[in-house]
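*Asks:* Chain residues, written in single-letter form:
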Amino acid sequence: MPALTCDDVSALLRTELGPEAHRHLGIDAPAKRDTAIPGGSYRAPGALVDGFRAGDADQPVTGVVVTARASTKVLHRAKALGCNMVISCQAFLGDSQDRPVAKPEPALAEKLRFIAENGLAVLRLQDPRLAPAGRAITEALPRAIGLAAPLPGLNPAAGLVYHTTGQTVGSLAARLKAALPTAAFRLVGNAAMPVRGLAFATETNRPNALAPLLARPDVNLLVAGEVHETETTAYVLDAIAIGEKKALLLVGSIAMEEPAALTLAAWLRPRLPVPVHHEPSPELLHAV
Amino acid sequence: MPSSLVDRRTLIFGTLAAGLLPAGALMAQTGQLTAREVFRQIKAATGQPWDPNPTDDRIIFGDRNVPVTGIATCFLATIEVLRKARAAGLNYIVPHEASFYERYDDFAESAVADDDPVLIAKQRFLTENGMVIQRLHSHAHSRPGDAIMLGLIARLGWTGQRIEDLVGMPQVRLAPAPAREVALHVKAALGRRTLRVFGDLDRTISTVSISAGMPGENAHIRQLESGTDAVLMGEVREPEVLGYAQDMADSRRITVFLSGHTNEDAGMGVIADWLKTVFPALPVQWLPIVDPYTTPA
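Read top to bottom, the protein sequences are chains A and B.
Per the numbering used here, the first sequence starts with residue -6, numbered consecutively.
Per the numbering used here, the second sequence starts with residue 32, numbered consecutively.
Among the hints, erroneous ones may be present.
Unchecked claim - Only some residues are given here: those of chain A computed to face chain B with a beta carbon under 8 Å:
id, residue
1, Asp1
2, Arg179
3, Thr226
4, Ser246
5, Trp260
6, Leu277
Stated by the list, open to error - Within a straight-line C-alpha distance of at most 35 Å, the following computed DSBU-like cross-link-like pairs (lysine-lysine) qualify:
id, chain 1, residue 1, chain 2, residue 2
7, A, Lys170, B, Lys218
8, B, Lys307, A, Lys66
9, A, Lys66, A, Lys170
10, A, Lys238, B, Lys74
11, B, Lys115, B, Lys218
12, A, Lys66, A, Lys96
13, A, Lys238, B, Lys307
14, B, Lys74, B, Lys307
None of these hints come from the bench; they were simulated from the model.
C-beta: ideal position from N, C-alpha, C; glycine also.
Chain A extracted, bound-state conformation (with noise of 0.2 Å):
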């Protein structure tokens, strides 16, 4: 029998998982000026991130690390634990889709050489998928904090929506707080408003365009892990100012996936014959 592969393993993530939820269904064209702030920090709506970044995916699986995002120090103690394949929520390459950089500066070349040098094979794994697999991973982080399902119906790369009662913008960050590895929240808004209904920004490596989900009469407060400060804080500040009862948090885009890490380690440990590990990736943030 063959060894199992990384490639395998990834087949095995995207037939379990179910395809992807594409944020805009047809066709996605670069949005008008993508590339004017040189490094992407814009990238078009539709675009799609999964996929192998770095190293050889046919090479056999000797373990798994599952992480937030691969850092270096993440890559190192993978090496440790024996692993050959790291599986990354969030970018680690430089830019938010992984793509090749033409001139690594040093510590992302410091990077890419330890990759080679140790034969790693590191698998980008964030886009909202649709089989239950993948809506469970998605949904880590609300049941994370005791959020059961979310409203049906609405494409997951948009936004998870849930409605709640009896809860407070700061006793759902509290709750956001034991869940996620970061000390640095930032809280647009009034700490003591009831929340009726919370919305999950699920694609927050892409931030652009978050306004619609806070902007749902339904919901009240959006969780992000970032956003374009002069789009969607921007838009926060006005519908505060006009009275509407609107709160905005960020918990980081790296903490925020967290959960999904160890939701999907979870789930691959019993279905592979090779060690599967959560390794931790802290933002390392203060707030003074």
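Following the hints, position chain B against chain A.
*Replies:* Chain B only, in chain A's frame:
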């Protein structure tokens, strides 16, 4: 257009557009400068070739023929800032950033619905108060020395500490101090209610590379690799920039102060000071923004 429908003002502007009257004659019937003329004079006073792209320095909203009662500069033309402008009798608003929740104020590209209640309320407020919005982004940065950067460094009190520039990102040398102390200074100087910091707060730092706003991850990574002890940034894309700092910290020490996109706010104070010299007869005021963020307990 049939000649019987051409009113006097239309005729005047048509004549002026053809270059038949001196620009100084471009006045509304009240004797005040029109928004169109104020914008023309701003463009001329920059002494730069004017290119509205890629960041759309143009009249974004409002009637170009409205008489200008005064100029307000700001980082963001939030409704709160617009209310302050109205109270101060200023109706020509010059924000640094976009006003309608899309980075170029491009309604065709915007994800916000045309009938969004917040968008409608803002447009109504502007219209009812005869306000005009003219964005000034690229041409604020391309003022001599970069007005936005000058304002930020002055606000930090670091103007005299500049040592060199790295492609538009100045560096300063401060008296050696723990990162926490510098962070508290940055927080107070920029009027922030919360400041995020990456790295060891007890580490002693001296040199700091500074960027304003969101120049993009390529620029941010150049900044991180510039050899300074610390970097001060505005808004970053976290997986790319904070992620790079994490990777870098695996072998080298670095401190990152994330001071938010609003770190460009003070630069619009520098723009207000300049516009006072362009329009000595008009009230001109910088309307600062309050830090949008707090840290929930």
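*Asks:* Would you mind confirming whether the straight-line C-alpha gap from B:Lys74 to B:Lys307 stays at or under 35 Å?
*Replies:* At roughly 15 Å apart (the allowed maximum being 35 Å), B:Lys307 and B:Lys74 satisfy the hint.
*Asks:* For a C-alpha distance cap of 35 Å, please report whether B:Lys115 and B:Lys218 respect it.
*Replies:* With Cα atoms ~24 Å apart, B:Lys115 and B:Lys218 stay inside 35 Å; holds.
*Asks:* Quick one, are A:Lys238 and B:Lys307 close enough, alpha carbons at most 35 Å?
*Replies:* violated (38 Å)
*Asks:* May I ask you to test the interface hint for A:Arg179 with respect to chain B, counting a Cβ-Cβ separation under 8 Å as satisfied?
*Replies:* Because about 4 Å separates A:Arg179 from the closest Cβ in chain B, which is inside the 8 Å limit, the hint holds.
*Asks:* Does A:Leu277 pass the interface hint, meaning its C-beta sits closer than 8 Å to a C-beta of chain B?
*Replies:* holds (6 Å)
*Asks:* Given a cut of 8 Å on the nearest C-beta pair, is the interface hint for A:Trp260 held or broken against chain B?
*Replies:* Since chain B brings no Cβ nearer than about 23 Å to A:Trp260, farther than 8 Å, the hint is violated.
*Asks:* For the restraint on A:Ser246, tell me whether the closest CB of chain B is nearer than 8 Å.
*Replies:* holds (4 Å)
*Asks:* Can the hint on A:Thr226 be confirmed by a CB-to-CB distance to chain B that is less than 8 Å?
*Replies:* It holds, given that the least Cβ distance between A:Thr226 and chain B is near 5 Å, below 8 Å.
*Asks:* Verify the proposed pairing of A:Lys238 with B:Lys74, using a straight-line Cα cut of 35 Å.
*Replies:* Roughly 40 Å separates the two Cα atoms, so the pair is violated.
*Asks:* Is it true that the CA of A:Lys66 sits at most 35 Å from the CA of A:Lys96?
*Replies:* holds (22 Å)
*Asks:* Would the hint linking B:Lys307 and A:Lys66 be met if the CA-CA limit is 35 Å?
*Replies:* With a Cα-Cα distance of about 53 Å, the restraint between B:Lys307 and A:Lys66 is violated, given a limit of 35 Å.
*Asks:* Given the proposed pairing of A:Lys170 with B:Lys218, does the C-alpha separation stay at or below 35 Å?
*Replies:* holds (23 Å)
The structure does not agree with the numbered hints 1, 5, 8, 10 and 13 stated previously, though it agrees with the rest.
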